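Top line first, the protein sequences correspond to chains A and B. Numbering-wise (my numbering), the first sequence opens with residue 284 and increments by one. Numbering-wise (my numbering), the second sequence opens with residue 536 and increments by one.
No lab work stands behind these hints, which were simulated from the structure alone. Bear in mind that the values here come from a model prediction, so they are computed numbers and not experimental data. One should not assume that every hint holds.
Far from chain A, by Cβ distances over 10 Å, these chain B residues were calculated [stated by the list, open to error]:
| no. | residue |
| --- | --- |
| 1 | A599 |
| 2 | N725 |
| 3 | K820 |
| 4 | N880 |
Example chain B residues on the side facing chain A (calculated, C-beta under 8 Å, incomplete) [claimed, not checked]:
| no. | residue |
| --- | --- |
| 5 | L595 |
| 6 | K600 |
| 7 | I603 |
| 8 | F632 |
| 9 | I633 |
| 10 | F634 |
| 11 | L647 |
| 12 | T651 |
| 13 | R656 |
| 14 | F818 |
| 15 | A819 |
| 16 | P827 |
| 17 | F845 |
The C-beta atom is built at its ideal place from N, Cα and C for all residues, glycine as well.
What follows is the residue order along each chain.
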Amino acid sequence: MKNIYLPIPVALEQIIDESATIKTFRFSSNDGFRFKTGQFVELSLPGIGEAPFTPSSDPNISTRFEITIMNVGRVTQALHALKTPATLGVRGPYGLGYPLEEFKNKQILIVGGGVGLAPLRSLILALFARPADFKNIHLRFGARTPDDLIYKQEIKEWSKICDCVLTVDKADSDWKDNVGVVTTILDTDSIDLKNCVVIVCGPPIMMKFATFKLLELGFKDKQIYLSMEKNMSCGLGKCGHCRIGPFFVCREGPVFTFDKLKDLPEVWD
Amino acid sequence: MERFFYLQAKYLKDFLSFIAKNHRLFICQAKEDDYYYVQFSEGLEPVFNAYRTFEPLKSLIVPAKERIDNLNPSKEKPLAVFNPKHCDLNALAIQDFIFLGQKPKFASVEDLDVDTSYEQRRKNLLIISGDCTGYKEVCWCLGMGLKPYPESGYDINLSFIDTGYVLEFSTGKGRLALKGFERRMTKPTNEQMHKREHKRSKIIADMQNSLPELYPGPVEAMQQAVKQGFNSASWKEFMLTCVECGGCNFICDTCHCFLLSDEKRGKENARLKLWDACLYANFAKVAGGANPLDTRAKRLRNRYMKKFDFFPDNLGKYACCGCGRCIEVCPGKIDIRKILKTLHNELLVKK
Ligand SMILES: Cc1cc2nc3c(=O)[nH]c(=O)nc-3n(C[C@H](O)[C@H](O)[C@H](O)COP(=O)(O)OP(=O)(O)OC[C@H]3O[C@@H](n4cnc5c(N)ncnc54)[C@H](O)[C@@H]3O)c2cc1C
Ligand code: SF4
Ligand code: SF4
Ligand code: FES
Numbered sequence: 284m285k286n287i288y289l290p291i292p293v294a295l296e297q298i299i300d301e302s303a304t305i306k307t308f309r310f311s312s313n314d315g316f317r318f319k320t321g322q323f324v325e326l327s328l329p330g331i332g333e334a335p336f337t338p339s340s341d342p343n344i345s346t347r348f349e350i351t352i353m354n355v356g357r358v359t360q361a362l363h364a365l366k367t368p369a370t371l372g373v374r375g376p377y378g379l380g381y382p383l384e385e386f387k388n389k390q391i392l393i394v395g396g397g398v399g400l401a402p403l404r405s406l407i408l409a410l411f412a413r414p415a416d417f418k419n420i421h422l423r424f425g426a427r428t429p430d431d432l433i434y435k436q437e438i439k440e441w442s443k444i445c446d447c448v449l450t451v452d453k454a455d456s457d458w459k460d461n462v463g464v465v466t467t468i469l470d471t472d473s474i475d476l477k478n479c480v481v482i483v484c485g486p487p488i489m490m491k492f493a494t495f496k497l498l499e500l501g502f503k504d505k506q507i508y509l510s511m512e513k514n515m516s517c518g519l520g521k522c523g524h525c526r527i528g529p530f531f532v533c534r535e536g537p538v539f540t541f542d543k544l545k546d547l548p549e550v551w552d
Numbered sequence: 536m537e538r539f540f541y542l543q544a545k546y547l548k549d550f551l552s553f554i555a556k557n558h559r560l561f562i563c564q565a566k567e568d569d570y571y572y573v574q575f576s577e578g579l580e581p582v583f584n585a586y587r588t589f590e591p592l593k594s595l596i597v598p599a600k601e602r603i604d605n606l607n608p609s610k611e612k613p614l615a616v617f618n619p620k621h622c623d624l625n626a627l628a629i630q631d632f633i634f635l636g637q638k639p640k641f642a643s644v645e646d647l648d649v650d651t652s653y654e655q656r657r658k659n660l661l662i663i664s665g666d667c668t669g670y671k672e673v674c675w676c677l678g679m680g681l682k683p684y685p686e687s688g689y690d691i692n693l694s695f696i697d698t699g700y701v702l703e704f705s706t707g708k709g710r711l712a713l714k715g716f717e718r719r720m721t722k723p724t725n726e727q728m729h730k731r732e733h734k735r736s737k738i739i740a741d742m743q744n745s746l747p748e749l750y751p752g753p754v755e756a757m758q759q760a761v762k763q764g765f766n767s768a769s770w771k772e773f774m775l776t777c778v779e780c781g782g783c784n785f786i787c788d789t790c791h792c793f794l795l796s797d798e799k800r801g802k803e804n805a806r807l808k809l810w811d812a813c814l815y816a817n818f819a820k821v822a823g824g825a826n827p828l829d830t831r832a833k834r835l836r837n838r839y840m841k842k843f844d845f846f847p848d849n850l851g852k853y854a855c856c857g858c859g860r861c862i863e864v865c866p867g868k869i870d871i872r873k874i875l876k877t878l879h880n881e882l883l884v885k886k
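The whole structure should be built from the sequences, with the hints applied where relevant.
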């Protein structure tokens with residue numbers, strides 16, 4: 284009998300250091316584990332615990348997937364202490380993910396902060412895989428310090444194909460890009476407000492101020508796609524932890540357009 | 536097929552023994568002025584509980600703490616329960632909605648996941664409910680628009696009338712469970728059926744006459760009262776005595792929140808499913824320490840938003856059956872009826 288609360292085993296093949304606090308975990312998925320970009324999984328360390336993460340790899344690759352994880356607490360610390368090879372558990376994928384079809388033939392502005400770049404990397408790779416549908420991509424990334432910026436090599440590659448602007452809150456002597464929070468690099472100079480979408484993922488505080496700034500710049504509620512981070516246990520719309528207004532974020536999200544959220548009094552709590 | 540039978544009181548034990556042959560049957564035992572479920576055994580004297588049990592009905596299907604990685608409910612003997620009340624049956628609809636994956640209005644997906652353990656137990660559960668023959672001071676089912684006798688959701692219902700019970704079959708499952716026992720029962724007389732109706736009206740009248748806190752506000756307006764009251768200053772007053780014990784959540788028949796937890800048991804890894812409480816400080820806390828429900832007032836309000844806004848929006852039904860259990864267990868004497876009444880009054884002032 285299928286038990287929806289139990290994970291399937293996955294083999295951890297490789298661990299890649301991204302920054303002092305962030306690592307990418309690569310899993311092989313011979314048993315055909317697939318996800319859509321923006322969907323999340325519950326990753327578990329048997330006997331220790333489980334936490335929700337959004338895969339950061341290209342969803343078109345069927346033989347492996349990657350998850351980029353920041354060390355912030357009990358489970359993530361245990362994950363960071365792992366050595367390969369190891370067997371972990373995975374449930375999912377859960378949620379709806381990014382509605383790629385809605386982005387077709389539009390300008391796509393992608394705004395990310397901190398470990399929020401993880402889901403966005405998967406999105407960017409999915410968009411790059413269909414260059415005929417998604418031509419006009421603009422990246423705006425922020426990090427606390429240059430050392431905290433992840434995927435540096437890849438970002439270099441991406442900036443060759445699309446417009447990419449970086450910023451850090453606090454620079455060091457080698458930093459040549461912008462300094463300031465991510466909202467300071469948001470503008471509409473190369474954006475056609477009538478035919479664009481904007482996708483935001485980052486720490487809650489950054490999402491809030493980015494949303495305010497985007498509205499101020501003239502983006503419409505429906506054009507702004509936000510990833511809501513809520514406490515989650517089941518991922519299945521059953522445990523009740525992730526509720527906001529009439530939604531279970533795990534099932535009706537985690538990505539929402541702002542028009543669905545704006546009237547909820549607790550949206551920025 | 537006959538829907539109604541009459542069962543003499545002296546045969547109640549035989550009736551329950553008959554059910555217990557093929558079921559894991561839970562019946563009530565009285566302790567002071569409360570009733571508790573215990574598993575039936577021949578040595579026990581059956582009790583026809585006058586009102587709902589202390590513990591919620593959900594606890595028989597979804598235990599407070601259960602190891603789930605080695606679970607196989609299809610091998611379990613079917614459950615039967617005697618005798619939950621209308622409030623309990625109504626609350627079960629909330630648990631069903633969540634765990635059987637019924638489609639909420641706001642869900643954007645069609646194929647919702649089913650908790651198969653719940654499904655298995657629920658499918659086999661035989662519900663032998665009963666009319667309330669008494670009530671507690673905290674009972675306010677009428678205020679939630681529910682009668683003190685079952686109207687749906689049971690397989691068999693018993694209505695006590697002086698010397699016996701009017702037994703009503705509502706499902707084929709109920710009939711099947713009593714196949715072979717019918718000859719111990721008779722066809723109820725008109726007078727017996729009349730008595731049942733009389734008892735039913737009388738208990739409603741009694742409750743209306745003796746319970747001052749029965750109606751905290753019109754049931755249709757509850758969602759509006761809670762929604763409009765989101766920013767009410769009263770939440771801070773309501774929660775002053777909350778000690779964050781989670782009792783109101785755990786004792787509530789409609790609360791469904793839980794937590795999955797992993798632990799090591801010797802060399803084995805175990806996964807547990809535990810009831811969780813939204814009144815606990817960490818319920819909504821996310822990594823890095825941010826907490827959308829960072830005050831007791833927000834947590835208390837969250838419980839009401841879930842019951843009186845989320846559920847009517849998604850299911851068209853309040854997630855409260857007026858059982859009053861939360862009023863009884865709260866060490867802070869926080870009373871759902873008083874909270875709703877205050878919010879209703881504030882709504883009237885606004886208008
Ligand atoms: C949809 C979604 C996608 C995400 N994607 C990513 C991603 O791609 N990369 C990434 O790095 N992060 C991601 N996160 C955040 C990630 O889930 C958290 O960082 C992770 O849950 C932290 O777990 P932890 O145990 O290490 O942290 P902790 O701070 O220890 O715990 C986090 C939560 O669990 C609770 N908790 C902790 N210990 C216990 C306990 N013993 N009993 C009960 N509750 C406890 C805490 O109250 C807190 O709510 C995502 C979150 C969501 C919701
Ligand atoms: S909220 Fe209180 S009165 Fe309502 S169902 Fe739960 S325990 Fe009963
Ligand atoms: S039972 Fe009372 S004290 Fe305990 S958590 Fe609920 S409201 Fe707070
Ligand atoms: S995480 Fe359990 S309901 Fe959303």
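Status of the hints after comparison with the structure:
1. At roughly 14 Å, the least C-beta separation between B/A599 and chain A is larger than 10 Å, which holds for a residue marked as non-interface.
2. Even its closest Cβ contact with chain A, about 48 Å, leaves B/N725 beyond 10 Å, as expected for a residue assigned away from the interface.
3. The claim that B/K820 is not at the interface with chain A is violated, since a C-beta of that chain comes within 10 Å of its own (minimum 6 Å).
4. Remark: the non-interface label on B/N880 is consistent with the geometry, its nearest Cβ contact in chain A lying 21 Å away (cut-off 10 Å).
5. Taken as an interface hint, B/L595 does not check out: its beta carbon lies about 18 Å from the nearest beta carbon of chain A, beyond 8 Å.
6. With a least beta-carbon distance of about 14 Å to chain A, the hint placing B/K600 at the interface is violated under the 8 Å criterion.
7. Among the interface hints, the one on B/I603 holds; its C-beta lies about 6 Å from the nearest C-beta in chain A, closer than the 8 Å criterion.
8. The beta carbon of B/F632 comes no nearer than 10 Å to any beta carbon in chain A, farther than 8 Å, and the hint placing it at the interface is violated.
9. About 5 Å separates the beta-carbon of B/I633 from the nearest beta-carbon of chain A, less than 8 Å, and the hint is met.
10. The beta carbon of B/F634 comes within 6 Å of a beta carbon in chain A, closer than 8 Å, and the hint placing it at the interface holds.
11. The closest approach between the C-beta of B/L647 and any C-beta of chain A is roughly 7 Å, which is under the 8 Å cut-off, so the hint is satisfied.
12. Checking B/T651 against chain A by beta carbon gives a least distance of about 5 Å; that is within 8 Å, so the hint holds.
13. Proximity of B/R656 to chain A is violated relative to the hint, the smallest CB-CB distance being about 12 Å (cut-off 8 Å).
14. A distance limit of 8 Å between C-beta atoms decides the matter here; for B/F818 the minimum to chain A is near 7 Å, and the interface restraint holds.
15. The beta carbon of B/A819 comes within 5 Å of a beta carbon in chain A, closer than 8 Å, and the hint placing it at the interface holds.
16. Interface hint status for B/P827: upheld, as the beta-carbon distance to the closest one in chain A is roughly 4 Å, under 8 Å.
17. Using the Cβ-Cβ criterion of 8 Å, the hint placing B/F845 at the interface with chain A is satisfied: the shortest such distance is roughly 6 Å.
In terms of the numbered hints stated before, the structure departs from hints 3, 5, 6, 8 and 13, listed from lowest to highest.
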